[in-house]
Structures are given as C-alpha cells and as structure tokens.
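Number of protein chains: 2
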Amino acid sequence: MLDIKDRVAIIGMGCTKFGENWDKSVDDMIVEAAYEAFEDAGIEPGDIQAAWAGTTGSGSAGGSLARPLKLQHVPVTRVENGCATGSEAFRNAAFAVAAGIYDIVLAIGFEKMKDSGLSGLPEVSGHPVFDQGMTTPGMFGLVANRYFHRYGIDPVEGKRTLAKISVKNHHNGTLNPKAHFQREVTMEQVMNAPIIASPLGLYDCCAVSDGAAAAIITRSELARNFRDDPVYVKELEVSSAPGESHLLAGYEFGSFSENTVTVKRVYQGAGITDPLKQIDLAIVHDCFSINELITYEDLGFCPRGKGKEYVDAGVFSLEGELPVNTDGGLKCFGHPIGATGLRMIYEVYKQLQGKAGPRQLKKAELGLTHNLGGTLIGSWTCFIGLFSR
Amino acid sequence: MLDIKDRVAIIGMGCTKFGENWDKSVDDMIVEAAYEAFEDAGIEPGDIQAAWAGTTGSGSAGGSLARPLKLQHVPVTRVENGCATGSEAFRNAAFAVAAGIYDIVLAIGFEKMKDSGLSGLPEVSGHPVFDQGMTTPGMFGLVANRYFHRYGIDPVEGKRTLAKISVKNHHNGTLNPKAHFQREVTMEQVMNAPIIASPLGLYDCCAVSDGAAAAIITRSELARNFRDDPVYVKELEVSSAPGESHLLAGYEFGSFSENTVTVKRVYQGAGITDPLKQIDLAIVHDCFSINELITYEDLGFCPRGKGKEYVDAGVFSLEGELPVNTDGGLKCFGHPIGATGLRMIYEVYKQLQGKAGPRQLKKAELGLTHNLGGTLIGSWTCFIGLFSR
Numbered sequence: 089m090l091d092i093k094d095r096v097a098i099i100g101m102g103c104t105k106f107g108e109n110w111d112k113s114v115d116d117m118i119v120e121a122a123y124e125a126f127e128d129a130g131i132e133p134g135d136i137q138a139a140w141a142g143t144t145g146s147g148s149a150g151g152s153l154a155r156p157l158k159l160q161h162v163p164v165t166r167v168e169n170g171c172a173t174g175s176e177a178f179r180n181a182a183f184a185v186a187a188g189i190y191d192i193v194l195a196i197g198f199e200k201m202k203d204s205g206l207s208g209l210p211e212v213s214g215h216p217v218f219d220q221g222m223t224t225p226g227m228f229g230l231v232a233n234r235y236f237h238r239y240g241i242d243p244v245e246g247k248r249t250l251a252k253i254s255v256k257n258h259h260n261g262t263l264n265p266k267a268h269f270q271r272e273v274t275m276e277q278v279m280n281a282p283i284i285a286s287p288l289g290l291y292d293c294c295a296v297s298d299g300a301a302a303a304i305i306t307r308s309e310l311a312r313n314f315r316d317d318p319v320y321v322k323e324l325e326v327s328s329a330p331g332e333s334h335l336l337a338g339y340e341f342g343s344f345s346e347n348t349v350t351v352k353r354v355y356q357g358a359g360i361t362d363p364l365k366q367i368d369l370a371i372v373h374d375c376f377s378i379n380e381l382i383t384y385e386d387l388g389f390c391p392r393g394k395g396k397e398y399v400d401a402g403v404f405s406l407e408g409e410l411p412v413n414t415d416g417g418l419k420c421f422g423h424p425i426g427a428t429g430l431r432m433i434y435e436v437y438k439q440l441q442g443k444a445g446p447r448q449l450k451k452a453e454l455g456l457t458h459n460l461g462g463t464l465i466g467s468w469t470c471f472i473g474l475f476s477r
Numbered sequence: 089m090l091d092i093k094d095r096v097a098i099i100g101m102g103c104t105k106f107g108e109n110w111d112k113s114v115d116d117m118i119v120e121a122a123y124e125a126f127e128d129a130g131i132e133p134g135d136i137q138a139a140w141a142g143t144t145g146s147g148s149a150g151g152s153l154a155r156p157l158k159l160q161h162v163p164v165t166r167v168e169n170g171c172a173t174g175s176e177a178f179r180n181a182a183f184a185v186a187a188g189i190y191d192i193v194l195a196i197g198f199e200k201m202k203d204s205g206l207s208g209l210p211e212v213s214g215h216p217v218f219d220q221g222m223t224t225p226g227m228f229g230l231v232a233n234r235y236f237h238r239y240g241i242d243p244v245e246g247k248r249t250l251a252k253i254s255v256k257n258h259h260n261g262t263l264n265p266k267a268h269f270q271r272e273v274t275m276e277q278v279m280n281a282p283i284i285a286s287p288l289g290l291y292d293c294c295a296v297s298d299g300a301a302a303a304i305i306t307r308s309e310l311a312r313n314f315r316d317d318p319v320y321v322k323e324l325e326v327s328s329a330p331g332e333s334h335l336l337a338g339y340e341f342g343s344f345s346e347n348t349v350t351v352k353r354v355y356q357g358a359g360i361t362d363p364l365k366q367i368d369l370a371i372v373h374d375c376f377s378i379n380e381l382i383t384y385e386d387l388g389f390c391p392r393g394k395g396k397e398y399v400d401a402g403v404f405s406l407e408g409e410l411p412v413n414t415d416g417g418l419k420c421f422g423h424p425i426g427a428t429g430l431r432m433i434y435e436v437y438k439q440l441q442g443k444a445g446p447r448q449l450k451k452a453e454l455g456l457t458h459n460l461g462g463t464l465i466g467s468w469t470c471f472i473g474l475f476s477r
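Note that the protein sequences, when read in sequence, are chains U and Z. According to my numbering, numbering within the first sequence proceeds without interruption in unit steps and concludes at 477. According to my numbering, numbering within the second sequence proceeds without interruption in unit steps and concludes at 477.
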C-alpha cells in the first residue's frame with residue numbers, strides 16, 4: 089500500500105460566511121464557496137475535471153452540483169459520512185487525484201440547516217433499535233458526566249473547564265469574519281446559561297447554521313504551477329466501528345476508539361511522537377465542549393484525565409503551545425453537516441499560508457483537522473487529516 | 089492524467105435475490121451480498137481495508153455498513169449519485185485502489201424499496217422549481233412519444249418495438265435465479281397491459297424491488313493471488329450535466345448527451361470503433377423499455393432511428409450479435425437504486441468468467457455496464473464501465 093503523503097496538494101479554497109443564511113439557497117452557497125476557491129486557485133470553473141459533493145440532506149444526486157456550477161459533463165459524486173461528510177468529499181477527491189485519474193478536482197461540502205428542518209442527521213442514519221430516543225446533546229451530556237465521574241472531578245469544576253473551552257472558542261470567533269458568532273462570552277454567561285442536557289448548557293453546544301466550503305485539489309507536482317504556497321496533504325485517515333462495544337458494561341464513555349485508532353495511523357504515517365510539540369494547530373470536532381476536551385486526550389495533546397490542567401494553563405488558546413479551533417470551531421461556525429470538514433481544512437489552509445488575519449499564528453507549518461460523526465450507542469466515524477506547507 | 093485501465097481488478101462478487109424481500113432487513117441483504125463476495129474472493133471480512141456503500145435512502149452515515157459487517161475501524165464511506173449510486177460505490181472504491189491507498193476493498197450497493205416507501209429518488213434530489221410535478225414514468229413517456237414522432241414511427245408499431253425489448257428481458261430473467269421476475273411475458277400481454285404513462289404500459293416499466301450487490305476490488309497485479317479468473321476494469325467514466333439544455337426548444341428528448349459524451353470517452357480510452365463487433369455483452373439502464381431503445385442508439389449499438397430494425401433482427405437477444413441485459417435487466421430485477429449499478433457489474437463478471445449458467449454467452453470477453461440517473465428537465469448522470477477477462 090502507498091501513503092497519500094505529499095502526492096496531493098490544495099491550490100485553492102473557499103468558504104461562505106456561516107450563519108442563518110435565510111437569504112441564500114443551497115445553490116447560492118455552493119456558488120459562493122466554489123467561486124472563492126476557483127479565484128484563489130486562479131482557475132476557471134471549466135478547468136474542473138471531476139467534483140465531489142458532501143451533504144447529508146441538502147441535495148441528492150451528484151448532478152445537483154452540476155447545475156449551480158454549470159459543470160457540463162463533468163463527473164459529480166455525492167459522498168456522505170454523517171458529521172464527517174465534508175472531510176469525506178475531500179478524501180475521495182484526493183484519492184482520485186492520487187490515482188492520477190484527474191489533475192484538477194473540486195471537493196465541496198454544504199448544508200442548509202435552518203430552513204430545511206435538519207438539526208442533525210436524517211432519521212435514516214440511526215439503527216432502528218439502538219439509536220432511538222437519544223438526542224445528540226443527551227449523548228454528550230452522558231459523556232461529560234461519565235468523564236467527571238471517572239476522574240473524580242467535581243461537577244461544577246468540570247463544568248468550569250468546559251466553559252473555558254467555550255470562552256476560548258468564542259474569543260477566536262471574534263477574529264473571524266466568516267464565523268456565525270463573532271462575540272465574546274464570559275465565564276459567567278456560559279456557567280449560567282440554560283441547561284440543554286446536564287451538564288451541558290447553551291454555550292456548550294454548537295449552533296444550527298448554514299454554510300459551504302470548497303477545495304481545489306491537484307497532484308503535488310503540479311501545485312506550484314498554480315501558486316507559490318500550496319498546502320500539501322500528509323495524511324487522510326478514517327475509521328468507522330460498528331458500535332456494539334458501546335453497549336458493553338465496561339465501555340468507558342469518555343474516549344472514542346475511532347479517535348485513538350485513527351490518530352495512531354496518522355501519527356505513525358507522519359512520524360509524530362510528540363503531537364503537542366510537532367503539530368502547530370488543530371481544528372477539532374467541538375460539537376459540544378466536552379467533545380473538544382475528550383479530543384485533546386484521544387489525540388494525545390495531553391495525558392488522560394489531565395485536560396483540565398492543560399485548559400487552565402491555556403495550552404490550546406491562540407497563544408498556547410498547540411492552538412485548537414483557532415477559527416472559532418463548531419462553537420462559532422455551527423455545524424452545517426456537509427460543510428464542517430471542509431471548513432476545518434479551510435482554516436488550516438489559511439493558517440499555513442499565513443493568511444488568517446488577526447488570528448494568524450506565529451508558527452503554522454503542520455496542521456491537523458479532526459472530524460467525528462456518529463451516535464453514542466450506534467457507530468462512530470472519525471476522520472483525521474494532516475496538512476503541511 | 090492516467091487511465092484506470094488494467095490497474096484494478098474484481099476478485100469476488102455477491103448479489104442477493106432481488107424482489108419483495110419483506111423478510112430481510114437492509115442489514116440482512118448487506119450481509120448476504122457481502123459474504124457471497126467474500127467467499128467468492130476467498131477472503132475473510134477482516135481482510136477488507138476500506139469500504140464504499142451505495143444507497144440513496146436505506147442508510148446514512150458510512151458507519152451503518154460497519155455494523156452489519158462488523159468492520160472494526162475500517163473506513164466506510166457512503167456515496168450517492170441518483171440511479172447510478174451503485175456504480176459510484178464501485179468507481180470510488182476503484183480509485184482508492186488505483187491510488188494504492190488500499191489493497192483490498194469492498195464496494196456494496198443496497199436499497200430497501202418496498203417497506204421504506206421509496207419509489208424513486210428522495211424528495212431532496214430534485215430542483216425546487218424545475219423538477220416538480222413530473223413522475224419518472226411520465227418523463228420517459230415523453231421520451232417515447234418524441235422518439236416516435238422524430239422518426240415518423242407509427243405509435244402502435246413503436247409500442248410493439250418496445251414490447252419486444254420487454255419480452256426479451258423477461259425471457260432472460262427466466263434464466264436467472266436472482267431475478268425478481270422469472271417468467272416469460274407474451275407480446276399480447278405487454279401490448280394489452282394497463283397504461284402507466286402513455287405509451288408505456290405496466291410491462292414497459294421496471295419494478296420496485298429490494299436488493300443488494302457487492303464487489304471485492306484489488307490492484308490488478310495482486311488479483312491472481314486470489315483467483316485464476318479475475319475480471320479487469322478497463323474504463324470507468326461518469327458525466328453529469330446541469331440539465332438547462334433540456335429546457336431549450338431544440339432539445340431532442342430522444343437522446344441523452346450524458347450518454348453520448350460518456351461513451352465517447354470510454355470508446356476512445358478502450359480503442360472501440362465498432363461496439364457491435366467488439367463488445368460481447370452490455371447491461372444497460374432499462375428503467376423503461378424506451379430507455380433501452382435509446383441507449384442502443386446513444387451507445388452506438390445501432391444507427392439513430394434504426395433501433396426498431398435491430399430489435400426486429402434480434403441483435404440484442406441472447407443469441408444476437410450484442411446481447412443486452414442478459415440477466416433480465418431492470419425489467420426483471422427492479423431498481424433498488426443503490427444496488428443496481430453493482431448488480432449490472434455482477435452479471436458482466438459472471439459472464440466473463442463463464443459462470444452465468446443457462447444464460448451463459450458463447451463469447452464473453454469484453455462487457456459493458458451503463459447506469460443512468462437523473463430527471464428529464466433537471467440533470468442527468470451517466471456511468472459507463474467496461475470490463476474484460
């Protein structure tokens with residue numbers, strides 16, 4: 089088997105403003121994200137040889153992408169993988185480029201959540217027996233309570249740690265004109281917000297937003313024909329698991345094996361032994377604040393049970409050793425499901441190019457995206473991508 | 089760019105009995121098709137390194153495949169492209185293998201139509217303005233009437249030609265234990281059947297059926313480690329178009345540009361100048377009898393407007409020069425959307441291996457599958473695959 093390493097590069101990206109885009113159709117958002125990417129890459133829409141569209145519920149056949157972009161007789165494929173759908177559009181497009189089948193392709197993810205009634209995965213996603221009756225906040229509320237119990241953390245102290253993550257992400261969002269939410273929140277606001285699923289309050293939960301993001305991908309040896317600062321794909325790994333283990337009595341509820349298996353493959357492939365030192369930024373799946381905390385540990389950013397100490401020390405803030413969710417994360421972008429994975433890559437791409445504006449990191453040479461989807465007692469899918477200058 | 093030619097091979101396939109599978113869940117059909125494929129390839133489920141699942145409405149996140157097959161920490165991606173969904177699962181899996189990312193992968197397509205209420209594409213597939221109010225039989229009824237008008241064919245004579253196609257496919261279905269329908273129909277039955285959308289009657293329309301089909305794919309240089317008679321992928325082409333042209337006054341309604349563009353790429357890639365002589369069998373998208381007729385012409389199996397003469401001469405029957413839909417086609421298998429593309433490849437695979445039982449062709453060295461999806465005034469996607477011994 090061959091690694092994807094250094095065989096594929098990103099030469100252009102685009103991202104809409106995320107938010108309650110009542111005045112934009114799905115087609116409008118597709119056009120906005122794709123044309124920013126075309127312009128960024130210095131190509132015309134007609135240069136696209138194939139496209140992959142990621143959406144869970146805002147479009148069906150691949151042909152639905154052909155229409156807004158007027159892609160005449162170009163192959164368009166829709167991919168879907170729950171909350172990791174946008175990352176999968178990128179991954180499948182990258183594989184086709186790595187195979188040499190196409191030279192220039194488009195990966196795009198989009199979702200219209202607000203006026204579609206979508207508030208998560210479509211009904212069909214769950215198992216008819218195992219997955220019924222559990223909301224997503226409810227699942228992650230269980231995870232948080234179990235995490236606190238496991239490490240003997242006082243629930244109020246635990247909630248305070250989660251709140252610090254939300255405050256950090258909201259701060260990052262103020263520096264990002266594409267974020268849905270661009271205002272600070274205080275510890276007091278987060279701690280006193282209405283409870284959604286205990287211990288998670290309103291500010292522990294990501295919003296329901298509309299958005300789209302797009303990438304133009306080519307083979308690495310062609311990338312510098314398009315621009316001086318392409319971003320290279322180092323690793324793209326996905327793992328899914330059937331989830332029966334989550335029903336067993338000993339299941340931990342405070343770690344996802346899909347995370348740990350996937351990240352091990354990524355780190356082995358890229359020679360990463362000390363992620364905190366070697367990785368410059370990580371955009372992770374903070375659908376709920378507890379998931380960002382658990383992800384720190386699952387991805388080896390800090391030891392098990394030590395998330396609180398690292399959060400208190402500001403390790404993951406913009407000025408910290410490993411800034412996480414520099415763009416504001418799902419907390420400030422919401423989670424238009426098909427768009428999220430590509431929105432994450434968009435931030436890494438801009439940071440690696442030194443074009444992230446007021447939130448630009450001093451050192452940004454290696455960036456990671458982490459996109460998790462699934463249901464607690466169903467099955468999970470974890471995508472992790474690693475990108476370099 | 090590199091061609092897919094001879095870089096990817098099929099080493100195992102499986103296919104459920106298609107039909108009204110009330111007693112089988114989606115998971116049951118996935119297990120049945122996949123395990124036939126595993127056994128055929130002589131591999132264990134644990135040998136699968138990645139999987140692609142094709143379904144339009146019978147499962148969502150890729151993880152839904154992980155559960156029935158117990159694929160522990162294997163990447164599972166769902167792909168969808170309307171009626172060409174099953175072919176897309178195969179194509180994306182083949183690209184990942186061609187890229188060298190994985191050595192052994194599973195492509196599977198499945199759909200539960202009967203008890204899901206699915207009778208075609210989900211509501212979201214269509215354009216909110218252009219695609220409303222037109223049923224699929226209605227679309228193809230228009231195509232048939234326009235075709236008759238264009239070539240000055242008497243409507244009753246035209247309907248007789250279509251009926252001969254249905255009679256042929258029903259005959260082929262009698263030789264196939266996996267078909268939904270396994271009985272002959274007479275010209276009289278077809279001609280006198282209730283009208284669905286004039287001129288198309290009941291026997292001009294494919295059924296609503298449940299089913300699943302699967303393929304195990306590897307790199308060509310590894311294929312003979314698994315079996316002596318692998319089937320090689322020569323071409324995999326897809327094109328989608330935005331469909332606005334279908335709204336123009338001059339649009340022909342008797343040919344799909346997606347067909348003609350795609351087949352041109354396939355024939356150029358494979359050096360095919362006389363398909364009737366060079367191709368040994370074709371499994372094409374006969375969702376309605378008129379679509380098989382038009383496909384003969386779009387794919388160059390006969391000159392424009394000459395379909396009737398070729399049908400009368402039996403060119404496309406089992407004993408003809410280019411047998412089409414040797415397995416009974418959508419006519420006898422119905423169209424469980426995600427499964428159809430892989431069901432087509434299953435027939436080519438078995439024919440090329442000489443294992444098609446009573447319907448086995450004398451010469452079967454090069455086979456084609458053609459899978460069309462879309463809406464008449466929306467957009468179409470055409471997939472064409474070419475496979476050799």
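Hints in this document: simulated from the structure, not taken from any laboratory. Because the structure is a prediction, the values reported are computed rather than measured. Positions of the beta carbon are idealized from the N, C-alpha and C atoms, including for glycine. Watch out, some of these pointers could steer you wrong.
[To be verified] With a straight-line cut-off of 20 Å between C-alpha atoms, the simulated SDA-like cross-links for lysine to any residue are:
| # | chain 1 | residue 1 | chain 2 | residue 2 |
| --- | --- | --- | --- | --- |
| 1 | Z | K352 | U | K93 |
| 2 | U | K93 | Z | Q137 |
| 3 | U | K158 | Z | T348 |
| 4 | U | K450 | U | K394 |
| 5 | U | K158 | Z | Y339 |
| 6 | U | K451 | U | V403 |
| 7 | U | K93 | Z | K365 |
| 8 | Z | K105 | Z | K93 |
| 9 | U | K158 | Z | S345 |
| 10 | U | K93 | Z | M89 |
| 11 | U | K252 | U | V273 |
| 12 | Z | K443 | Z | D242 |
[Said to hold, decoys possible] Sample of chain U residues facing chain Z (criterion: CB under 10 Å; computed from the structure):
| # | residue |
| --- | --- |
| 13 | V164 |
| 14 | E176 |
| 15 | G461 |
Status of each hint after checking the structure:
no. : hint             : in the structure
1   : Z:K352 to U:K93  : 34 Å, violated
2   : U:K93 to Z:Q137  : 18 Å, holds
3   : U:K158 to Z:T348 : 18 Å, holds
4   : U:K450 to U:K394 : 26 Å, violated
5   : U:K158 to Z:Y339 : 17 Å, holds
6   : U:K451 to U:V403 : 15 Å, holds
7   : U:K93 to Z:K365  : 44 Å, violated
8   : Z:K105 to Z:K93  : 31 Å, violated
9   : U:K158 to Z:S345 : 14 Å, holds
10  : U:K93 to Z:M89   : 19 Å, holds
11  : U:K252 to U:V273 : 10 Å, holds
12  : Z:K443 to Z:D242 : 41 Å, violated
13  : V164             : 4 Å, holds
14  : E176             : 5 Å, holds
15  : G461             : 6 Å, holds
Of the numbered hints given earlier, the model fails hints 1, 4, 7, 8, 12; all others are met.
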